[in-house]
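Participant: Below are the chains, spelled out letter by letter.
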Amino acid sequence: MDLGFVGSSFGVSSPRRVGRCRQQQVVMMAEGSPKRVLVIGGTRFSGLYLTKVLADSGHDVVLFNRGNTPVGDKSLMVPGETEEEFEARNARTSTIIGDRTDGDDMVAKLKDEEFDAIYDNNGRELDDSKPLIDLYKGRVEHYVYMSSAGVYLKSDIMPHCEPDATDPKSRHKGKLHTEAYLIEQEIPFTSIRPTYIYGALNYNPLEQWFFERIAAGRPVPVPGSGLNLTGLGHVQDLAKAMAAVLGNEKAIGQVYNIQDEKAITFDGIVRACAQAAGKDPASVEIVHYDPKDFDFGKKKAFPMRPQHFFTSPQKALTDLDWSIEFNTEVGLKDSYENDFVIKEKNGKLKNDFSTDDMVLSEMGVAV
Amino acid sequence: MAFVAGGGLGFGSSVGGPAKSQFVGTRVPDGKVGGLTARWNMASVLIVNAPSGGHAFIGYHLANQLVAKGHEVSIFNAGEEENATKKNPCASYGDLTEKGVSVAYGDPTSEDVGADIDQAFGRKFTVIIENFSKSAEEISPMVKHATGTGVEQFLYVSSCGIYKKSDEVPLQVGDPVNEKAGQVAVEKLLESSGLNYSSFRPIYIVGPKAAKSDYLDYFFHRIVRKRPVLLPGSVINVGDQMTSVTHVGDVASMLVDAVGNQNASKEIFNVVSPRYVTHSGVAKLCAKATGMEAQIVSFEPEKLTVELKKFFPFRNQHFFANPGKAMSLLGWE
Numbered sequence: 001m002d003l004g005f006v007g008s009s010f011g012v013s014s015p016r017r018v019g020r021c022r023q024q025q026v027v028m029m030a031e032g033s034p035k036r037v038l039v040i041g042g043t044r045f046s047g048l049y050l051t052k053v054l055a056d057s058g059h060d061v062v063l064f065n066r067g068n069t070p071v072g073d074k075s076l077m078v079p080g081e082t083e084e085e086f087e088a089r090n091a092r093t094s095t096i097i098g099d100r101t102d103g104d105d106m107v108a109k110l111k112d113e114e115f116d117a118i119y120d121n122n123g124r125e126l127d128d129s130k131p132l133i134d135l136y137k138g139r140v141e142h143y144v145y146m147s148s149a150g151v152y153l154k155s156d157i158m159p160h161c162e163p164d165a166t167d168p169k170s171r172h173k174g175k176l177h178t179e180a181y182l183i184e185q186e187i188p189f190t191s192i193r194p195t196y197i198y199g200a201l202n203y204n205p206l207e208q209w210f211f212e213r214i215a216a217g218r219p220v221p222v223p224g225s226g227l228n229l230t231g232l233g234h235v236q237d238l239a240k241a242m243a244a245v246l247g248n249e250k251a252i253g254q255v256y257n258i259q260d261e262k263a264i265t266f267d268g269i270v271r272a273c274a275q276a277a278g279k280d281p282a283s284v285e286i287v288h289y290d291p292k293d294f295d296f297g298k299k300k301a302f303p304m305r306p307q308h309f310f311t312s313p314q315k316a317l318t319d320l321d322w323s324i325e326f327n328t329e330v331g332l333k334d335s336y337e338n339d340f341v342i343k344e345k346n347g348k349l350k351n352d353f354s355t356d357d358m359v360l361s362e363m364g365v366a367v
Numbered sequence: 368m369a370f371v372a373g374g375g376l377g378f379g380s381s382v383g384g385p386a387k388s389q390f391v392g393t394r395v396p397d398g399k400v401g402g403l404t405a406r407w408n409m410a411s412v413l414i415v416n417a418p419s420g421g422h423a424f425i426g427y428h429l430a431n432q433l434v435a436k437g438h439e440v441s442i443f444n445a446g447e448e449e450n451a452t453k454k455n456p457c458a459s460y461g462d463l464t465e466k467g468v469s470v471a472y473g474d475p476t477s478e479d480v481g482a483d484i485d486q487a488f489g490r491k492f493t494v495i496i497e498n499f500s501k502s503a504e505e506i507s508p509m510v511k512h513a514t515g516t517g518v519e520q521f522l523y524v525s526s527c528g529i530y531k532k533s534d535e536v537p538l539q540v541g542d543p544v545n546e547k548a549g550q551v552a553v554e555k556l557l558e559s560s561g562l563n564y565s566s567f568r569p570i571y572i573v574g575p576k577a578a579k580s581d582y583l584d585y586f587f588h589r590i591v592r593k594r595p596v597l598l599p600g601s602v603i604n605v606g607d608q609m610t611s612v613t614h615v616g617d618v619a620s621m622l623v624d625a626v627g628n629q630n631a632s633k634e635i636f637n638v639v640s641p642r643y644v645t646h647s648g649v650a651k652l653c654a655k656a657t658g659m660e661a662q663i664v665s666f667e668p669e670k671l672t673v674e675l676k677k678f679f680p681f682r683n684q685h686f687f688a689n690p691g692k693a694m695s696l697l698g699w700e
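Read top to bottom, the protein sequences are chains W and X.
For the first sequence, the tail end lands on 367 under the working numbering, and the numbers increase by one without skipping.
For the second sequence, the tail end lands on 700 under the working numbering, and the numbers increase by one without skipping.
Rather than coming from a laboratory, the hints here were simulated on the basis of the structure.
The structure displayed is predicted, hence computed values, not measured ones.
It is possible that part of the hints are untrue.
To be verified - Each pair of labels, with its calculated beta carbon distance range:
| id | chain 1 | residue 1 | chain 2 | residue 2 | range |
| --- | --- | --- | --- | --- | --- |
| 1 | X | 669 | W | 283 | 22 to 28 Å |
| 2 | W | 280 | X | 633 | 34 to 40 Å |
| 3 | W | 357 | X | 541 | 41 to 47 Å |
| 4 | X | 435 | W | 139 | 50 to 56 Å |
Stated by the list, open to error - Some chain X residues well away from chain W (every beta-carbon gap over 12 Å; in silico):
| id | residue |
| --- | --- |
| 5 | 458 |
| 6 | 476 |
| 7 | 485 |
| 8 | 511 |
| 9 | 515 |
| 10 | 526 |
| 11 | 672 |
| 12 | 674 |
| 13 | 677 |
Each residue gets a CB set at the ideal place from its N, CA and C atoms; glycine is no exception.
Given these sequences and hints, build the entire structure.
Facilitator: Pasting the structure below:
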């Protein structure tokens, strides 16, 4: 059972534990009464894992989406989940069909629905969330908003902590605007800022980028010195943190960074991915280059921003009944075995090495 | 000074407020029962201090803070008085003796250290803080003395230098350490001694009364003379290595928070600032402090004719650690 991790409610950063394998997942019943929870963006990756945690905990989950993936669709099964578990939680999950990008439609479809809590997982701009916030102001116990660590202003000083300066010009400024609106409207909210989320079913080819090159036996071009530190966070840990916010008074009005307690260097990710793929890390060639020397056009040559970018999850570890279960080793193995090898077998990999070839030829490295 | 404001830049966490626990922690982590329950208004503390080196001035600040809290403080200093007092921190010990701190010089590693201490101070100590030994052989006589005289708490200043290099940082207590390091042997000895011990692992420490102020001087010297600030490593993203610079006042305050605190028992803590900074970041912050510019230039350490550590103050790698445990268990900020 999970009791071994309860100690973390004191916020003790315990020695790194190896996460449990998926087969040992235990269905925990929610403390207190089950809640009726609206989840927008609940059929993909982090939203999907969150939906599972909430439903497994006994809450009634109402999804709001365009109906492309109905409850019970096999693509909504999480690796390691049994058919029985899937069916059990589906019994507590339903869908209201509508389009969140159409504010009027969203309001029309939801206005007569009451919820204890709302998880707004896929709002990008304030316009996406404003109709929902306005509709449920005064009607909901908790509004949980999926923000991003991308809002932090770049700095030489790390880690990014919740009170730190944010960048009003950031690509994620829509999240900042929404956070500000939540504060202004005095609705009981919590905002979650993950760094880089990874794990099986990731729709962002993050760890996949590394696995592709390692599987193909290709050198891995890494921008900069290879020492850039980044923050990975396993999707399961994120889902648990988000669920842990429910019913927690301390979390009201708070922002939480969610990621692993450790950051990892770019070169370190290459080595860790090699390890997860069952290859000797020393056998993978890493080629460093200065991204300023290249014009990749619209293509992304590397899946992460070439700067130090990580946060501290200490506040969440202290305030929430939450602990981190996946370290990098276990997390990447999960992603590799439960996702990458399947995609590889089904020919679903991107394998776009065009920017790699640009770098490698310039650096005089043979493939 | 402390441009990297010690601790308080905070995680915005709820471990806030001015409450530095003066009595034993009431929160007892899993598995810890019983132990010290008395409220320690005044402990008799013995600080075993080094005469010089990076850690020496911790002893000075520790003594000051403990006296301010109302404890009785004695310092048993390694080295010879005449030599040691030629420079800081021992040169400033007059400040301490004025406040009632007793100071004696001697050899903490001697088999007769127990008798020497009794002769020098003639009192029973509740707490011993060992800030000198770097090996099990050196500390063994003091440990024997502590167990023999029923010392209630034994604090040791160790080092983060014992952690094995890793791709994943910050370093956390529990991460692999270099088994050959002297401080590792000391920590193991303390663990098996039966003493109520705690070990504190610092990184780079700065502040007043330093015996060794090389860390920031390296940057200041070059900036004020308008010379290039040479940083080791990659030409791309020069000075990207991240490190930890902690103010000595914060290092001392963590040990002070541990005195009389049940939560510290048999625990190891990283005693570092929760904020980390890159080498180039240090250069820029130093420049800002002087009101001048830093001209940052990279160099290859392999091309030096001397060992890198004789030239550059920081390790050529990421080197920082997580103090989260101390913040949670000791309420340290």
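Participant: Compare the structure with each hint and give your call.
Facilitator: Structure-based check of all given hints:
no.	hint	verdict
1	X:669 / W:283: 22 to 28 Å	24 Å, holds
2	W:280 / X:633: 34 to 40 Å	39 Å, holds
3	W:357 / X:541: 41 to 47 Å	42 Å, holds
4	X:435 / W:139: 50 to 56 Å	53 Å, holds
5	458	33 Å, holds
6	476	32 Å, holds
7	485	39 Å, holds
8	511	30 Å, holds
9	515	32 Å, holds
10	526	19 Å, holds
11	672	24 Å, holds
12	674	21 Å, holds
13	677	23 Å, holds
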